[in-house]
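**Q** Chains as they are written, first to last, in the numbering used here: chain H, 1 to 796; chain C, 797 to 928; chain W, 929 to 1012.
It should be emphasised that the hints constitute simulated quantities derived from the structure, not laboratory data. Please note that a few of the clues may not be correct.
With a cut-off of at most 25 Å between alpha-carbon atoms, the simulated SDA-like pairs for lysine to any residue come out as follows [said to hold, decoys possible]: (1) W:Lys986 <-> H:Leu773; (2) W:Lys984 <-> H:Leu773; (3) C:Lys859 <-> H:Leu9; (4) W:Lys986 <-> H:Asp346; (5) H:Lys451 <-> H:Arg492; (6) W:Lys986 <-> H:Leu9; (7) H:Lys634 <-> H:Arg673; (8) W:Lys986 <-> H:Glu218; (9) W:Lys961 <-> H:Gly217; (10) W:Lys986 <-> H:Ala257; (11) W:Lys963 <-> H:Arg654; (12) W:Lys984 <-> H:Ala536; (13) W:Lys984 <-> H:Ala183; (14) W:Lys963 <-> H:Phe347; (15) W:Lys984 <-> H:Ala290; (16) C:Lys859 <-> H:Asp14; (17) C:Lys859 <-> H:Arg673; (18) C:Lys859 <-> H:Ala10; (19) W:Lys986 <-> H:Asp67; (20) W:Lys963 <-> H:Ala350; (21) H:Lys644 <-> H:Pro607; (22) C:Lys859 <-> H:Asp67; (23) W:Lys984 <-> H:Lys634; (24) W:Lys986 <-> H:Asp14; (25) H:Lys451 <-> H:Leu773; (26) W:Lys984 <-> H:Ala211; (27) W:Lys984 <-> H:Asp220; (28) W:Lys961 <-> H:Cys185; (29) C:Lys859 <-> H:Ala17; (30) H:Lys634 <-> H:Arg654; (31) W:Lys986 <-> H:Arg197; (32) W:Lys984 <-> H:Tyr222; (33) C:Lys859 <-> H:Leu703; (34) H:Lys644 <-> H:Glu534; (35) H:Lys427 <-> H:Leu446; (36) W:Lys986 <-> H:Ala21; (37) W:Lys984 <-> H:Asp67; (38) W:Lys961 <-> H:Asp220.
Computed from a prediction, not measured in an experiment: that's the story for all the values here.
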Amino acid sequence: MNPLLAQFLAEANDLLASVDAGLLQLERDPGDPELVNQVFRAAHTFKGSSGLFDFPELTRLTHAAEDLLEAVRGGRLPLDSAMADDLLATFDLIRGWLAHVTTHERLPSGAGTDAAGLITRLRAPLGGEPRAAVQASSTGGITTIGGAPDWLAWFDAEWLTATASWLDITSSTMRFVRYVPEADCFFRAEDPIHLVRQVPALDRLGIVQPATWPEPGEYDEYVCLLSFVIATRAAIGELEHLFRYVPEQVQIVELDAGAITRHVSGEPPLKAEERVTVVVAEVRDSEQAADARAVLHAARRTFELHPVEGAHLRSVARAVSAAARALGVPKDLTDADQPRVREAVDFLLAEATPAPLGAAPAATAVPITPAEPAEPAEPAEPAEAAEAEPSGRADEHGGQVGTRVLKVDQEKVDRLMELVGELNVAKNGLTFLADAAEEEFGSRVLSRRIKDQYAGLHRIAEELQSGVMDIRMLPISVAFGRFPRLVRDLSRRLGKTVELHTEGDDTMADKDVIEALVDPLVHLVRNSLDHGIETAEQRQAAGKNPAARLTLAAVADGDAVLVEVSDDGRGVDPERVRRTAYEKGLISEDQRESLSDSEAIDLVFRPGFSTAEEISDLSGRGVGMDAVRASVEKLGGTVTMRSKLGQGASTRLRLPLSMAVTQVMVVSVAGQRFGIPVDLVVETVRVPAAEMGRVLHQDVVVLRGDVVPVLDLARLLEMPSRDEGADRAILVVTVNGQRAGLIVEQFHREVDVILKPMEGLLAYADEFSGTALLGDGLVLLVLNMKEVLGLAARTA
Amino acid sequence: MTATETPPRVLIVDDAATVRMYHRTLLTGAGFEVDESVNGLEAVEVAMSASYDLFLVDVNMPKMNGYICVEALRSGAVGSDAPVVMISTEDRQRDADRAYAVGANLYLGKPVAGERLIRIATMLTAGRGTPE
Amino acid sequence: MPLELHDDTATLVGVVTVDEVEQLVGWLRAARKPKVSLRRCNHLHTGALQALLLFKPKISAAPNNAFLAAQVLPLLDSSQRNRR
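Could you build all of it, start to finish, from the sequences and the hints given here?
**A** Here it is in structure tokens:
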């Protein structure tokens, strides 16, 4: 992607965020001029920047939004929620477009149609469209060709070259139109120039005159002899629409920098009989003159407005001198007073001859064949002089001004993180080497020295890792940011009044965690709005504030981040949960009696559970909560819910601050090594076989007075288990608040690994959460303890 | 402008990073030396300590908009007599009038085609106030 | 009235439509040293422009209209110089 487009996309991202936040706040506080201004400015910047690219639909849409916002800013229109909806929809559409641009570098093909309706709605409060809506419609009859056509030679090569380099900078394309009106078109009330004038975003127009004019005596003024070549930034759809009544007279071609360059660098010349008077070469001079005249007009206007003096007057004098020079009529206006400058302006404007005096007598249009278009060695124009000027001081771009925040491509950070992971793996290799030094080569000294080296490397790796992790850290507000909008839309749809509060917005967590957090949070918030929060009437009847309160809170807790979604709604009724769970066959009659309230509430996370009697279109369908638990646990986190009937519910997610590096404990079973996430490990114990007990068909071990069920990991993984030996190595883990002991063959060390998702045949093996490469080159399977223990429960 | 001179210095004042990059790319490509400011206030501060041959100033910016910025550039504190081109998406006569009243020498609608921007910048910096 | 025609001078005002083309051509044929002011002209029908291009009258005043000034005037100017 070209850097300018990349820059635009990055800037657009920031703008979208600020627009969304601003609009939502605005709706609540419509009178805040600073907020209006903020949103307006974002829309404005969008429009301005989008104009640099070939995104006419985007420019038009943001223009409509900007106009509406400007009316609001100027106090001419109060912002109502319908307008806010339209504005939000506008920026949603834009967000979608930009995602498309990110991958395809162009707007989606339906952009024009998608935008049209919104533009009409945005303009409606302002009294409708300023002019007839341009509807992109494919008329089909128009020839649209891809390669550079011969008639491109009617544009002068220099301009084409400049255009090509500009298209290159912006990675855009330009549309070129060849319009040859039919000879009798005047009789059909057609006025080709009138049509041409309506070409949007006209960049260059060439009016092509006949190679030979008829004698004045034989001239028939009703026969059209002129034709046109047009360069425009308008979309093909717009052009097709404009020329829809004369499709057979029009050829449209879309060209990029490459196509133009190929054309310029020696293409088939036009046929000799098509010798024409080329006027476009002349336009270049007159463009220079037009710019000069623009400066002169500006100066004249300035004087008309009010008297000018001091630095302002000197600047006008400088500008006018520059314009005079460009017109070929140098004027020294140093220290001139206003009347003298004004006199010069009037003189130069009256002169009005665009041809530079004394320069380029041959530069005016002469009939030339396009085959030899570049009459070279025209006296250098200032523009050329500038290009020719050595820019040897480019390296001396003295102080770039302004605060600079480094925006780094996410992929680069990810790559850095991968390297840190590889460093960790390589580092782990040293410990194997140390063991080998001692065990295989019998050198304890060497082993010790390797371990010392390891310790030093370990420290550096750790610092490097925390440094990189720090770059990856994002405030949780990134995840929270989308909820104001979501809550607003959902509550509106449900007819409920909800105030959203967020706490701990600046709590930091790894970007992967933040990203992964969004989906579960959306589920929880939807669930709360759908089932937890009552309507205003119900709340009033219950003696509550009609506006419900929904809180998203985050707090850091050591290596983890706690995120809580809580509401003051009706809460979860444990009795109802018990009944539903029983009716759905999720629990037995016994369990229905014995489950405590908090255990009952936990049932909502069971697959297939839903308390909603009706399935709502928001979150119903009974998949929500178990999906939340599954996805959070996949991240190595936990979910718990607390509720007080009638007072509300709160769901707490606990997630590791970072998922990039996992510490696993390596154990071996049946001669094969497995990894178990260290944060699940409570302790490792060796228990004499004789002390193992058995309660209700379950092996148990008593640890400090607690009875802990014990499972044979080998058997769970369907591997041969060896019961021999006096001691049992038991790894005690906690999963879902339940302790369990796992019999393993041997404990090994703890290692830091980068967990890779399972691939290939094992991708569906739920009992593994991923693989990791060990320092000695072995691949370690990391166990998903939740599944492994679930396996135990099912097979028990 | 002859090849022996130092390149003309341009200050681009615009809050939109994309627009700044676009203008900078064009102008540095044409041999200009380019600095950037993200709002009017910063531009005024910069212009107090460095001298420029041309200012390209956006209108709508936070902190200090383009009009106030240009007015400040012309005022005693900076007192620059270098040409100012204001570039804005607002392409209306009254916006242009306001620009001319505060001290701009040309008012252009955004976006300015690349070649035109280079042409105008070249024209306005040729000679650079020193009479030939 | 879009056409103000005198012996050798004409002023084109506002929008010159196809209806004025015949009259304009007649005047261009008749005038010895035609001079045309486009200052107040906002639009020229293609037929009118074509006639000006063929008969190449001297343009005594440039159009205020931006499109005509930028896109059409250079053609008329250059055709004028060509003849000299």
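**Q** Give a verdict on every hint.
**A** Results of checking the hints against the structure:
| no. | hint | verdict |
| --- | --- | --- |
| 1 | W:Lys986 <-> H:Leu773 | 86 Å, violated |
| 2 | W:Lys984 <-> H:Leu773 | 84 Å, violated |
| 3 | C:Lys859 <-> H:Leu9 | 24 Å, holds |
| 4 | W:Lys986 <-> H:Asp346 | 21 Å, holds |
| 5 | H:Lys451 <-> H:Arg492 | 63 Å, violated |
| 6 | W:Lys986 <-> H:Leu9 | 52 Å, violated |
| 7 | H:Lys634 <-> H:Arg673 | 21 Å, holds |
| 8 | W:Lys986 <-> H:Glu218 | 22 Å, holds |
| 9 | W:Lys961 <-> H:Gly217 | 17 Å, holds |
| 10 | W:Lys986 <-> H:Ala257 | 40 Å, violated |
| 11 | W:Lys963 <-> H:Arg654 | 87 Å, violated |
| 12 | W:Lys984 <-> H:Ala536 | 80 Å, violated |
| 13 | W:Lys984 <-> H:Ala183 | 21 Å, holds |
| 14 | W:Lys963 <-> H:Phe347 | 21 Å, holds |
| 15 | W:Lys984 <-> H:Ala290 | 21 Å, holds |
| 16 | C:Lys859 <-> H:Asp14 | 18 Å, holds |
| 17 | C:Lys859 <-> H:Arg673 | 62 Å, violated |
| 18 | C:Lys859 <-> H:Ala10 | 22 Å, holds |
| 19 | W:Lys986 <-> H:Asp67 | 44 Å, violated |
| 20 | W:Lys963 <-> H:Ala350 | 16 Å, holds |
| 21 | H:Lys644 <-> H:Pro607 | 23 Å, holds |
| 22 | C:Lys859 <-> H:Asp67 | 21 Å, holds |
| 23 | W:Lys984 <-> H:Lys634 | 82 Å, violated |
| 24 | W:Lys986 <-> H:Asp14 | 56 Å, violated |
| 25 | H:Lys451 <-> H:Leu773 | 20 Å, holds |
| 26 | W:Lys984 <-> H:Ala211 | 16 Å, holds |
| 27 | W:Lys984 <-> H:Asp220 | 16 Å, holds |
| 28 | W:Lys961 <-> H:Cys185 | 30 Å, violated |
| 29 | C:Lys859 <-> H:Ala17 | 20 Å, holds |
| 30 | H:Lys634 <-> H:Arg654 | 12 Å, holds |
| 31 | W:Lys986 <-> H:Arg197 | 24 Å, holds |
| 32 | W:Lys984 <-> H:Tyr222 | 18 Å, holds |
| 33 | C:Lys859 <-> H:Leu703 | 67 Å, violated |
| 34 | H:Lys644 <-> H:Glu534 | 15 Å, holds |
| 35 | H:Lys427 <-> H:Leu446 | 16 Å, holds |
| 36 | W:Lys986 <-> H:Ala21 | 61 Å, violated |
| 37 | W:Lys984 <-> H:Asp67 | 45 Å, violated |
| 38 | W:Lys961 <-> H:Asp220 | 21 Å, holds |
The structure does not agree with the numbered hints 1, 2, 5, 6, 10, 11, 12, 17, 19, 23, 24, 28, 33, 36 and 37 stated previously, though it agrees with the rest.
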